[in-house]
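Chains as they are written, first to last, in the numbering used here: chain A, 22 to 219; chain B, 22 to 219.
One should not assume that every hint holds.
Where chains are identical, the list cannot tell them apart; a pair therefore holds if satisfied intra-copy or between any two copies.
With a Cα cut of at most 27 angstroms, we get these calculated BS3-like pairs of lysine-lysine [unchecked claim]: (1) 157 <-> 114; (2) 210 <-> 86; (3) 120 <-> 157; (4) 79 <-> 114; (5) 101 <-> 203; (6) 79 <-> 203; (7) 157 <-> 86; (8) 210 <-> 79; (9) 210 <-> 200.
Bear in mind the hints are in silico, worked out from the structure with no lab data behind them.
There are 2 protein chains.
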Amino acid sequence: MNAITDYPIHELMTKRWSPYCFDERPVNDEDLRSLFEAARWAPSSYNEQPWSYVVAKKENPDEFKRVLSCLVEANQVWAKEAPVLALCITSLKFARNDKPNRAAVHDLGLANSNLVLEAAALGLVAHQMIGILPDKAREIYQVPEGHDPMTAIAIGYAGYGGNLPPEIRERDAARRPRKALKEFVFSGKWGTTSGLVS
Amino acid sequence: MNAITDYPIHELMTKRWSPYCFDERPVNDEDLRSLFEAARWAPSSYNEQPWSYVVAKKENPDEFKRVLSCLVEANQVWAKEAPVLALCITSLKFARNDKPNRAAVHDLGLANSNLVLEAAALGLVAHQMIGILPDKAREIYQVPEGHDPMTAIAIGYAGYGGNLPPEIRERDAARRPRKALKEFVFSGKWGTTSGLVS
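Only chain A is shown next, with the shape it has when bound in the complex:
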């Protein structure tokens, strides 16, 4: 399950994983708060912190179904088994001067990364999805103009996916390959492998 790396990295990042199979076990509020607290401490351009979240726990079935309905069908199939769902929204303009924030989407990634790594630290798993229905999310949650629903995250404990079709369950057994460092770490010219990794 842990990443098999070519060079050593911190175990938080080797442990991080995006499974499709969740256990029924709920996530306690304390842990959830730590997840959003981690997102809170991400860096951002001009410290704008453009991210916001709409969160729903399965204990509140109506709330949960509403967030679930903002995912594309293919994600609903497995994400409905997770105990917690969150929509991830980013603000496209700087609050202080209404100018476009070129880093808005990138910085949502920084916050989401902290959130999923905190999940790994707590023995949880968090699976991010770009496959959402942004217009539907905007309508349901009255997301104002200038704030874009971008992604969603399913949060919980890794499980066996007993309720899932085998073809989805099998995905968790497959290793996710990675490009070699020499394919994306360059020097001098884009496409020329850096001496550092060759």
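Given chain A's structure and the hints, the job is docking chain B onto it.
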């Protein structure tokens, strides 16, 4: 220097910091490889891994100056003191079908986040910048169409900034404030604080 959090989070994220003042001390290649290896293991939409990097060490002054020249002036002032600079590029289309990757910029954020957290794990610091000159970077490094230079990262050891103007040096003494969780963790409706954090 460490973040003072309202709820506990993993120390890797409280230690992470984006200083303006770097020490002269170079970063060894082993550590740099671990930084890019960490980026490598970030999650991405369809496991596309859209990120790539152009890296330059100060030991190669010509290389270093070329990357430095791709930063906006205000960033060059302090980033020139860092021992390592990297440009961060993302691919806007899926390699397998040439379709637009809506997650391309977000997922660069995920990779960069891993990189800066690995830096924190190794006692290094990494300061990300959105203030780059993308067109210049594209020209100098012959970045192909469909790949966008987005950000840069200065990497090294935190220092005292003896060569920097006091108004820049002072930034490192200031605490970076954060929004409260209740300002960005919602339920039911965007803007309505979730019971989780109220």
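Hint check:
1. 157 <-> 114: Result: close both inside a copy and across copies, 21 angstroms intra and 25 angstroms inter.
2. 210 <-> 86: between (49 angstroms within a copy, 14 angstroms between copies)
3. 120 <-> 157: Both, since 26 angstroms and 23 angstroms are each at most 27 angstroms.
4. 79 <-> 114: Neither, since 33 angstroms and 35 angstroms both go past 27 angstroms.
5. 101 <-> 203: between (39 angstroms within a copy, 26 angstroms between copies)
6. 79 <-> 203: Answer is between; shortest inter-copy Cα gap is 21 angstroms, intra-copy 43 angstroms.
7. 157 <-> 86: within (13 angstroms within a copy, 47 angstroms between copies)
8. 210 <-> 79: between (50 angstroms within a copy, 17 angstroms between copies)
9. 210 <-> 200: This pair counts as within: shortest intra-copy Cα distance 19 angstroms, inter-copy 40 angstroms.
Hint 4 alone, counting from the list given before, is not met by this structure.
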